[in-house]
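A.B. asks: Here are the chains, one letter per residue:
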Amino acid sequence: MNDTAMVEPALRLRGATKLYQGTAAISDIDFDVAPGEVHALVGENGAGKSTLCKVICGAATLSAGELIYEGKKRAFDSPQDALNLGIAMVYQETSLVPTMTAAQNIHLGREPMFSTHKSLNIRAQHLLQSMNFSVDPKALVSTLGTAKRQMVEITRAIYFGARLIIFDEPSASLTPEEIQHLFLLIEDLRRRGVAVIYISHALEEALSIADRITVLRDGRKVRTVRASETTRDEIVRMMVGREVARTRASERRIRDRGELVLSVDNVVSGTMVRNMTFKVFAGQVTTIAGLVGSGRTEIAKVIAGAMKRRRLRGGTIKLDNRPVRYRVPTQGVRDGIVYVTEDRKMDGFFETMSISENIYLGYLAGQRQPLLVSRKRERELARNWSDKLQIAAINRDARVIELSGGNQQKVVIAKSMVQKPKLVIFDEPTRGVDVGAIEEIHKLIGKLADEGVAVLVISSYLPEVLSVSDRILVARGGRIVEQFDASAATEEKIMFAAIH
Amino acid sequence: MSQAQAMNVKRRQKIDVSQEQIVLGVTAVLFAFFAIRLPGFASYGNIITLLNSVAQLGILALGAAIVVIARGIDLSQIASMAAGAVVTTVAIQSGHGIAAAMALGLMASLAVGVVNGLIIAFIEIPALFATLATNILFYGLLRGYVQKGQSIAYLPKDATSIIDLGRLRVFDIPISVLIFTVMAVLVHLLLTRTVLGRFIYAHGDNPEAARLSGVPVRPLTILEYALSAVVAYVAGILLLSTTLSVDSDIINSTMIFNVILIVVLGGVSLVGGRGGVFSVVAGTLLIGTMLNGLTIMNVNNLVADMARGAVLMAAILLDNRLHPRNEETARQGE
Numbered sequence: 001m002n003d004t005a006m007v008e009p010a011l012r013l014r015g016a017t018k019l020y021q022g023t024a025a026i027s028d029i030d031f032d033v034a035p036g037e038v039h040a041l042v043g044e045n046g047a048g049k050s051t052l053c054k055v056i057c058g059a060a061t062l063s064a065g066e067l068i069y070e071g072k073k074r075a076f077d078s079p080q081d082a083l084n085l086g087i088a089m090v091y092q093e094t095s096l097v098p099t100m101t102a103a104q105n106i107h108l109g110r111e112p113m114f115s116t117h118k119s120l121n122i123r124a125q126h127l128l129q130s131m132n133f134s135v136d137p138k139a140l141v142s143t144l145g146t147a148k149r150q151m152v153e154i155t156r157a158i159y160f161g162a163r164l165i166i167f168d169e170p171s172a173s174l175t176p177e178e179i180q181h182l183f184l185l186i187e188d189l190r191r192r193g194v195a196v197i198y199i200s201h202a203l204e205e206a207l208s209i210a211d212r213i214t215v216l217r218d219g220r221k222v223r224t225v226r227a228s229e230t231t232r233d234e235i236v237r238m239m240v241g242r243e244v245a246r247t248r249a250s251e252r253r254i255r256d257r258g259e260l261v262l263s264v265d266n267v268v269s270g271t272m273v274r275n276m277t278f279k280v281f282a283g284q285v286t287t288i289a290g291l292v293g294s295g296r297t298e299i300a301k302v303i304a305g306a307m308k309r310r311r312l313r314g315g316t317i318k319l320d321n322r323p324v325r326y327r328v329p330t331q332g333v334r335d336g337i338v339y340v341t342e343d344r345k346m347d348g349f350f351e352t353m354s355i356s357e358n359i360y361l362g363y364l365a366g367q368r369q370p371l372l373v374s375r376k377r378e379r380e381l382a383r384n385w386s387d388k389l390q391i392a393a394i395n396r397d398a399r400v401i402e403l404s405g406g407n408q409q410k411v412v413i414a415k416s417m418v419q420k421p422k423l424v425i426f427d428e429p430t431r432g433v434d435v436g437a438i439e440e441i442h443k444l445i446g447k448l449a450d451e452g453v454a455v456l457v458i459s460s461y462l463p464e465v466l467s468v469s470d471r472i473l474v475a476r477g478g479r480i481v482e483q484f485d486a487s488a489a490t491e492e493k494i495m496f497a498a499i500h
Numbered sequence: 501m502s503q504a505q506a507m508n509v510k511r512r513q514k515i516d517v518s519q520e521q522i523v524l525g526v527t528a529v530l531f532a533f534f535a536i537r538l539p540g541f542a543s544y545g546n547i548i549t550l551l552n553s554v555a556q557l558g559i560l561a562l563g564a565a566i567v568v569i570a571r572g573i574d575l576s577q578i579a580s581m582a583a584g585a586v587v588t589t590v591a592i593q594s595g596h597g598i599a600a601a602m603a604l605g606l607m608a609s610l611a612v613g614v615v616n617g618l619i620i621a622f623i624e625i626p627a628l629f630a631t632l633a634t635n636i637l638f639y640g641l642l643r644g645y646v647q648k649g650q651s652i653a654y655l656p657k658d659a660t661s662i663i664d665l666g667r668l669r670v671f672d673i674p675i676s677v678l679i680f681t682v683m684a685v686l687v688h689l690l691l692t693r694t695v696l697g698r699f700i701y702a703h704g705d706n707p708e709a710a711r712l713s714g715v716p717v718r719p720l721t722i723l724e725y726a727l728s729a730v731v732a733y734v735a736g737i738l739l740l741s742t743t744l745s746v747d748s749d750i751i752n753s754t755m756i757f758n759v760i761l762i763v764v765l766g767g768v769s770l771v772g773g774r775g776g777v778f779s780v781v782a783g784t785l786l787i788g789t790m791l792n793g794l795t796i797m798n799v800n801n802l803v804a805d806m807a808r809g810a811v812l813m814a815a816i817l818l819d820n821r822l823h824p825r826n827e828e829t830a831r832q833g834e
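Top to bottom, those sequences are chains A and B. Per the working numbering, residue 1 is the first one in the first sequence, and the count goes up by one each step. Per the working numbering, residue 501 is the first one in the second sequence, and the count goes up by one each step.
These are computed hints drawn from the structure, not numbers from a lab. From a predicted model like this one, the values you see are computed outputs, not experimental measurements. From the three backbone atoms N, C-alpha and C, an ideal C-beta is built for every residue, glycine too. Some hints could be false.
[Claimed, not checked] Quick list of the computed label-pair ranges, beta carbon to beta carbon:
| # | chain 1 | residue 1 | chain 2 | residue 2 | range |
| --- | --- | --- | --- | --- | --- |
| 1 | A | 401 | B | 694 | 36 to 42 angstroms |
| 2 | A | 311 | B | 752 | 41 to 47 angstroms |
| 3 | B | 692 | A | 321 | 42 to 48 angstroms |
| 4 | A | 237 | B | 625 | 42 to 48 angstroms |
[Unchecked claim] These stretches of chain A come out as covered by chain B in the derived footprint (C-beta under 8 angstroms, 3 or more residues):
| # | segment |
| --- | --- |
| 5 | 121-129 |
| 6 | 153-167 |
| 7 | 274-282 |
| 8 | 316-324 |
[To be verified] Some residues of chain A that are not near chain B, with every Cβ distance over 12 angstroms (derived):
| # | residue |
| --- | --- |
| 9 | 62 |
| 10 | 218 |
| 11 | 339 |
| 12 | 416 |
| 13 | 419 |
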């Protein structure tokens, strides 16, 4: 790096590699940030941004490579360790205690031995004013808006003597004016000689605030560029730039749309789904691409009945041209809608149960059942589906928790497939799944569509989107903003639509 | 590292499978100890006495276990029991036939369970608070409106069928032990052989996964608490038939803690989805042996309480070690 020769970097990573159970979340990354510099990190979901930050702020340790902070090689045992040396992280969802005042939060963990509310408030007031923040130190954090909370968090970092601050998606929940304010703030930090790492999906922001931008893809660094010497297009290309051959959908046969199964019209739910409108057809795979937080999971849960939409003016959902509104997923399942969760550990499978028991439970929950358990039926189902999905396990009485990620996912899928659905929603179907199993799951998704089932896939991983879909929808900010035929879509086009 | 993890899994599993067996083992050791130290402890008569003394608790624990397996807790179980017994007694006193009176009692018990279930399923209040509240509420209702301020309700002398039931012995085995056995078999069949039983385990294992799979979680919750209440009703009628009276102040006693002690002790984990009838039986036997031995040794009541407390603490620690809370397991998986 030529430009870092000028200033001694505050932090430098060399060949940073982090393995999680044998697979590399990041590998061989060189990265540095100088005092008074804003260095942006961009990349798709799963590109390794958060792992890199975890390593820097002490929440994870490197498997290989070294971390040099202020001239010394370091290995942090905990975030506390890093914090003591002046590395602070400002999280997307703030990590403040809502029931305490701003002043208490600023001092939290480093209260002076003897102090009164008054002295804490006065000191907090000084700090806040020195940074031009108009926050009342006596206000409870729960009463503050997102922007002010961020101010408190930054003040806290400064009070702790932070010389390197990592911002993780700081603008995600801010309004445009608040973003402007945040930028002024970062500008101020830069003047004080603080090194700033700025993670963002929003490329315009990264381009306008950062001195340098590092692009990550699939856990590797693509390139570090000066913000003044690059363009948005170039960064997008670097973010997605895989071998084009793999991602071209045109070699695949694109399925025609069958009958209309689901139509979602102007659905509103909570703050995440705003006027979502789209259609799903039988015999075809429809994919919703987009970034995390674009309301994709929420709309899926609304369709399946796991979440509620707004009661008034919440829009309409029609299944087979019949308006439906489910209070509970049971009703959705009875109507043939199944939702395959994105987080199988949280709400996918039953960990105390065996493979067969898990699959059988899906069957039992699917339709009205006789009173008694049939062991014969249970074995039959387990045998059928383990063969169909090639669930590799020593025996079908093995507990699901002991299986690999890919096999667990297959069990979760089998548990839903025994319910004979006509609409299947896969939410991130291959998250945390090994490469071999990804291929098999994709084949299964294709086969379902061939059999005439309507399939809706939610995925953040663009190669997956391009290799499974027949129709691609792009969600952003709770709406569907773009629609492609799979033959016309490219990763660049999808990425362009997904980020604003 | 992965090997160490694999070994870890193996070790956990081994303990997991034998949790009831640990309790049974401890019971056997304790039994042998008392049998050697105390003459007459191992006699047939004493063993019957021992079983008789815990059968009541054991029956209640069977009902409580259903709820705990489903990751809930029922602190109002004694209220369901007392409601059944008190309403039955008062109905007989006021001239209803025995069958009608018992049906009314069943309705009263069920009311407690259904109210619990409704509050927990639909208002989504934690079971701990909901059942604590209904416990107090139904105590007040019973004493104030059913018993008109009295606390003890006496069974009239002419309710012969209930009185005879309490005196019934088959091969010298008292009725309470028999009922405990029958209830244990019934609850065991319910949990292992019926779809409802599967749903109860699924509900306790992972409520959200159960919900997303299409298990009707809300009706299921109501049913679980109703079952707990029905089991409590059986215990209540048994109590009535053996003591010929019922004191609604039993609701305010420490009885519920003994019930939960038995449930947790045998390995029905508070995390949910684990354990079964065998666990309850194992827990019942251990508590029975311990209390019986301590009574014969003429140990001070307070010391007996300390022993019970220590056993409960040990059981919860064991439970915690074997089944770390879900968030923790999730974190370990990362």
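A.B. asks: All hints are to be evaluated individually against the structure, with a verdict given for each.
C.D. replies: Going down the list of hints, with the structure as the test:
1. Between residue 401/A and residue 694/B the Cβ separation comes to about 25 angstroms, which falls outside the hinted range of 36 to 42 angstroms.
2. Checking the proposed 41 to 47 angstroms range against residue 311/A and residue 752/B shows it holds: the Cβ atoms sit about 43 angstroms from each other.
3. Distance hint for residue 692/B and residue 321/A: a CB-CB separation of about 44 angstroms, consistent with the stated range 42 to 48 angstroms.
4. One distance hint, 42 to 48 angstroms for the beta-carbon pair residue 237/A and residue 625/B, is violated here, with the actual separation near 54 angstroms.
5. Residues of the segment 121-129 of chain A lying with their CB closer than 8 angstroms to a CB of chain B number 0, which falls below the three-residue condition for coverage.
6. With 0 residues bearing a CB less than 8 angstroms from a CB of chain B, the segment 153-167 of chain A misses the requirement of three and the coverage assertion fails.
7. Closer than 8 angstroms: that is the beta-carbon criterion, and the segment 274-282 of chain A has 0 residues meeting it against chain B, so the requirement of 3 is violated.
8. Closer than 8 angstroms: that is the beta-carbon criterion, and the segment 316-324 of chain A has 0 residues meeting it against chain B, so the requirement of 3 is violated.
9. The non-interface label for residue 62/A is consistent with chain B: the shortest C-beta to C-beta separation is roughly 16 angstroms, beyond 12 angstroms.
10. The Cβ of residue 218/A lies farther than 12 angstroms from every Cβ of chain B, with a closest approach of about 20 angstroms, so its non-interface assignment holds.
11. Some Cβ of chain B comes within 12 angstroms of the Cβ of residue 339/A; the nearest lies about 6 angstroms off, and the non-interface call is violated.
12. A beta-carbon of chain B is positioned within 12 angstroms of the beta-carbon of residue 416/A; the least distance is around 8 angstroms.
13. Distance check for residue 419/A against chain B: the nearest CB is about 7 angstroms away, which does not clear 12 angstroms, and the non-interface claim fails.
Against the hints set out earlier in the document, violations occur for numbers 1, 4, 5, 6, 7, 8, 11, 12, 13.
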